[in-house]
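In the working numbering, the protein residues as written are 58 to 384.
Source of the hints: derived by calculation from the structure; they are not laboratory data. You may find that some hints are simply not true.
As the list claims (entries may be wrong) - No more than 20 angstroms apart at the CA atoms, straight line, and that leaves these computed lysine to any residue pairs for SDA-like:
#	residue 1	residue 2
1	320	273
2	100	83
3	178	299
4	308	174
5	320	303
6	101	79
7	260	283
8	176	141
9	100	133
10	192	283
11	173	321
12	128	84
13	128	103
14	219	315
15	100	77
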Amino acid sequence: MNFYSDDSFCQAFGAAYFPNQQIQPALFELEGRLWKIPTIDYKKPIVTGPFIDFYESDEQSSKEAVSVVKKVDYIPRVSHKLVTTNEWFENNLETIYEPAPTIIWNNFDSWDEFVKHVKQKRSNLFSDTRRRQRKMEKEVGPLTFVFDDRRADVLAACMGWKSEQYRMSGYIDAFAYEEHVRFFQELVNRDLLLVSSLSAGDKLIAVHLGVLLEGRLYWWIPAYDSNYKVYSPGRLLLELLLNESFQLNHKEFDFMIGDEPYKWYYATHTRLIKEMGTPPISLRLQRSTKAIMKPILSSAIRPFPGLKKSLKDIQKKVQAKLYQVTK
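Given these sequences and hints, build the entire structure.
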């Protein structure tokens, strides 16, 4: 079970997106496993939503043979299994699952062992990071890392930088929506959000919004000041967080869903993420229509590259309008 099933997460989610309804987690059964999922008024399960990656089965409740369990037909993203990174690549599992890379710290007796593990993936990664660190300290100022930074302006800076990153990458700007900003503020109010920062001299350079729960540190929302991109501030902050996580004897450093190459340099394992259950008929119809229409439309607009760009722009605008939680 991950932090999406935690009571504090459910309370923050409810306060941000469903302020007039009661959001509480409840146990659901699907394909012989139990899932602790937030619900609206103990009835409607919230199987997906903004910033929710995936659910994991509630093994502890399964062992306790909980009798009050509801039924759910479908969850879009769940963790099916944990495998090593070697198993992921050797068995071509990317054709079936989405990866959620992670580091299981008990694989290493020392930090040096972890460094050796990373060097096997990219031999010069840590040395390149140290080179960039020295360059930043020389040109900007000495580095200061704060594992748990409670300053309000640090949270605001992270969301501002992330907004810029979303826009520059052509994605929907999540933090342009008041509900999403309020959600992270609610997480802070409930002491669930871990805000970590990196500064050079008196300048805030990079921030990470994560969660530390039951010995598992989640790498969730990283952002940095693009003016200092040349120094790789995001990587500097990540490796400081990794070291801190190891020194604090955490069980795991969870990168969550995403196939970004940098995650594989550090990961030892990955969770296999895929839907579970029977999708609702509306989703099945949507998928069937898309499968039929995509090759037809591609053929029709291939001679008109300008039209293709216009359609993509329209799609982005429509997605932005729909990127709201239904109240």
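* To do: Quick one: which hint numbers does this structure break? Sort them smallest to largest.
  => none
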